[in-house]
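Engineer: Use the sequences and the hints to build the structure in full.
Heads up: the sequence lines are chains D and G, in that order. For the first sequence, the working numbering assigns the number 116 to the last residue and increments by one with no breaks. For the second sequence, the working numbering assigns the number 114 to the last residue and increments by one with no breaks.
What you were told as hints is all true, and nothing was included just to trick you.
Now the stretches of chain D that chain G is said to cover, found in silico as 3 or more residues with beta-carbon under 8 Å:
hint: 1; stretch: 39 to 51
hint: 2; stretch: 106 to 116
A few chain D residues facing chain G, derived, Cβ under 10 Å:
hint: 3; residue: V4
hint: 4; residue: Q6
hint: 5; residue: Y33
hint: 6; residue: Y35
hint: 7; residue: G58
hint: 8; residue: E59
hint: 9; residue: F90
hint: 10; residue: A92
BS3-like, lysine-lysine: derived pairs with alpha carbons at most 30 Å apart:
hint: 11; chain 1: D; residue 1: K9; chain 2: G; residue 2: K61
hint: 12; chain 1: G; residue 1: K61; chain 2: G; residue 2: K49
hint: 13; chain 1: D; residue 1: K71; chain 2: G; residue 2: K49
Please keep in mind that the hints were generated in silico from the structure rather than gathered at the bench. Think of the CB as a built atom: it goes at the ideal place given N, C-alpha and C, for glycine as much as any other residue.
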Amino acid sequence: NAGVTQTPKFRVLKTGQSMTLLCAQDMNHEYMYWYRQDPGMGLRLIHYSVGEGTTAKGEVPDGYNVSRLKKQNFLLGLESAAPSQTSVYFCASSRTGQGASHQPQHFGDGTRLSIL
Amino acid sequence: AQSVSQHNHHVILSEAASLELGCNYSYGGTVNLFWYVQYPGQHLQLLLKYFSGDPLVKGIKGFEAEFIKSKFSFNLRKPSVQWSDTAEYFCAVLSSGSARQLTFGSGTQLTVLP
Chain D
1 NAGVTQTPKF RVLKTGQSMT LLCAQDMNHE YMYWYRQDPG MGLRLIHYSV GEGTTAKGEV
61 PDGYNVSRLK KQNFLLGLES AAPSQTSVYF CASSRTGQGA SHQPQHFGDG TRLSIL
Chain G
1 AQSVSQHNHH VILSEAASLE LGCNYSYGGT VNLFWYVQYP GQHLQLLLKY FSGDPLVKGI
61 KGFEAEFIKS KFSFNLRKPS VQWSDTAEYF CAVLSSGSAR QLTFGSGTQL TVLP
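Structural biologist: This is how it looks when you write it as structure tokens:
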């Protein structure tokens, strides 16, 4: 009963380094999302995907790229990490985009990323 | 663009006290409204949701929220809080437009003293 699994849980990077965060869901959900959570700002949507092979920009997409090669996986990439990207990153998935079937999003446990 | 305001950043209560957390949104169309809770070190969990019908919705763990369309509000309430309710609470709104994105408020940290 895994739900949404994020790896890694913690990572420290130096400015300019690259890395990829992995999100995997085993619920056969169509929609997947990446958010960042910063103190006093709630969650902000970075990118999302409405299905395998498709991605779209959210509220704060700059500095990030994503890929959805398989339905169950949604990857978030930082090509050249910056200190402003220090944050907690949450992945979520839902059966639809919530407009039609009103399915709430299921969240992963988060990845705490620090950029030095 | 839609926005969500949670005016209480940190609320401290004693056990058995009543709770009301404010949430106001700015969007003139049809909205779906949610409250999520994040316990320390955990991910967000859905507390309750409103889509249509009775504006008073009941969620898990004794929480309820009332949708007041004229006030653009969706306040969260609980008659008697417990120490285990200590967590951060997020209000969120989903617009009915094509974007279908959740917009979160900045969160309210609730601390319940034993």
